[in-house]
Amino acid sequence: MHSLKNKMAPGAMAVLLSLLSLPALAQGAVKDEYKWLTFAVFGAIIAVTMFVTYFAARRVKTAKDFYTAGGGVSGIQNGWAIAGDYLSAASFLGIAGLISIWGYDGFMYSVGWLVAYITVLLVMAEPCRNIGKYTLPDILAYRNDPRKVRVVGALSVVTVSTFYLTAQMVGGGVLVKTLIGIDYEISVIAVGVLMLGYVLFGGMVATTWVQIIKAVLLVTASIVMVILVWSQYGFFGDFFDAVVNDPKVQARVAQILGDAAKNMTPQELGQRFLEPGLLFKAPIDQISLGMALVFGTAGMPHILMRFFTVPTAQEARKSVVWAMAIIGGFYVLTLFLGLGAAMKVGPSAIIGTDAGGNMANPLLAQALGGGRDSLLGNFMLAFVSAVAFATIVAVVAGLVLAAASAIAHDVYVGVVRGNNASQVEQVRAAKIATVVFGALAVAIGIAAKGQNVAHLVALAFAVASSANFPCVFLTMFWRRCNTGGIVAGMIVGTVAAIGLVLVSPDMTYPLAVKAASEKAIVVAADRLAKLDAELAALAVPRMKLNADLAAAAGEAAKVPIRAAIEKATAAETESEARIKAEIAATAKTKAAAQKKIDDLHGATTSLMGLEKPLFALKNPGLISIPLGFLAVFVGSLLYRDKRAEDMWDELYVRQNTGILAAKAGGAH
Amino acid sequence: MRLTQKHQEYWYRNLFVTAVLLLLWFAVSFVDSYFARELNSIVVLGFPLGFYMAAQGALVVYVLIILFYFRYMNNLDREYGVHEGEDE
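Residue numbers (my numbering), protein chains in the order written: chain A, 1 to 668; chain G, 1001 to 1088.
Everything labelled a hint here was simulated from the structure, so no lab data went into it. Hints should not be assumed to be uniformly reliable.
[Unchecked claim] With a Cα cut of at most 30 angstroms, we get these calculated DSBU-like pairs of lysine-lysine:
1. A:Lys588 with A:Lys514
2. A:Lys612 with A:Lys519
3. A:Lys449 with A:Lys642
4. A:Lys318 with A:Lys449
5. G:Lys1006 with A:Lys590
6. A:Lys642 with G:Lys1006
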């Protein structure tokens, strides 16, 4: 985790990373005397979702029920569930945190993610719904050789899910630990067990409903908090003035800008918080990340799967409208939450609890409710925390379901059994795959404790955008696309994405770490010397003050002088304490830097044996996405597949109209 | 199953509206944030415009894009008789 802090501040994957960079706190954000309240709120929310799962379990009989809730989810319900999938812990906690710390640039994430959704929805959702049945490889298998594309498709789905899942598990474990102070391992196991409970017994029905419940709670909590923020800082114009004039915000901007802030008025500093450029400095990295996010979302198996749960193409479209309205509305609220936290809690206090800013929302909730010592404040904190926890469990459930379906439906039923499996066997296979994958997720989550798993999120999106997206997109929109292209695209896209990340700046490069740490030690030592000098300088006037005080003793006429001297002494004591605190903090920084050097054990090369990154971009999207497309083109042109071309017209009509979708869906 | 003239026409209209909306999407997402600093000199409702677009305006436009697409495509489905659903 330590290697993460120094690179994450301006880092491209900041939202995602930040979830993983919560520092080890001595205790949770909740005081011990209010722990019971936290557990009560967590318990209540878990009880509600379990109750829903109980009813869902009775509805899950066939494979179609398990994978797609029997296609019986309405457009509005699916809209809420998609919003639930979308509003992961990273966006709920991370974006408000980034806004509270970085101002304008923090928004780029909320908008960035929503941008991705538009492309998914406009271009991919409907045809996918019309062609697919349960899984992403189903779409590929429609007009290509089912066995081959199912195997490569399943491989890619499992790869993407595992990367994303690991990041979620580690992030979730750390989050729960930070919020309520229970052990990391127990947190990970709790997430795993709950998730298994939902998926195993309730399949997609329960997974969908858990997402819906969570999304409703999330939106409700946000609305309540925003109303409280408005009641304190005013609405729109007043609110904006409050931000610009807030001393905490101004201090934060001055801190970010450093020397550049010297000639700026406080007003200008506040204004600067609402302008771009505080966080992002390397636009090409942003573009590459943006591409991976936009196209990666369109290739994320757990997101595509949601569109198979609605009965008609019209309902699929309707769910998109609802999802967009809910997500859009949520982010409109995030503006007030983020800026509200910047004013109410203050950027430095937020960073103090968690360097990535993830605690902005929970801390704002606590402050709005009356602070750390009030019952209401702690209740609100517990509620926001429980919603964040439910969020992680629900997203993990979706991912496990996607991965398990790739194994059970595509590889086992589709390839091993050649599509000859009864409903009972199919459901059993799906449940076994779920248990195996869930156990794996917990094991990986615990094994990856304290690891820098940030690049795994980058990898998940890179693979989804470079392998899944070109294949799914071209099989639906390019007549000549065939089995050869899909196999080539899946393999090249996956290998290119993983390979480029392995040689990218995301990995740890001992020489760079060493240089940075050595520099940090020098800076810290320098600062320590200065602080020591300041402390020594304080001692001189201190002695004089004491002497004055002694001289002034006894005479009644000198009472005001004595009071003045005592006041000066108190001020001295205060600055002494402040300097001592800074000395302690600087010494800690120095020790941490030294530990980093020691941890390298003299290594000079990264995992891949490199001294410095071969590839300059943190996210490979810019290169690996075109490579994935190229592989599909070349593979298709070199391979002859008459069936794929013959099936084109049928696919074309079906994807555009959905005419055959419902009937074919029940054909097995 | 062969593609009929009608299907082709439906598809072209679908492609056209998608392209127009994606163009709008691009303008709001990328062109707008590129000019954020310039737009900030315009103040709407007490907010500088560039900031406001990134914070909320773009989101509102996205929702409108999707809403428009939804209504347009539903009408198109009905017009070309490819409406799947109630009559199933």
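For each hint, the structure was consulted:
no., hint, verdict
1, A:Lys588 with A:Lys514, "holds (17 angstroms)"
2, A:Lys612 with A:Lys519, "holds (18 angstroms)"
3, A:Lys449 with A:Lys642, "violated (50 angstroms)"
4, A:Lys318 with A:Lys449, "violated (41 angstroms)"
5, G:Lys1006 with A:Lys590, "violated (73 angstroms)"
6, A:Lys642 with G:Lys1006, "holds (26 angstroms)"
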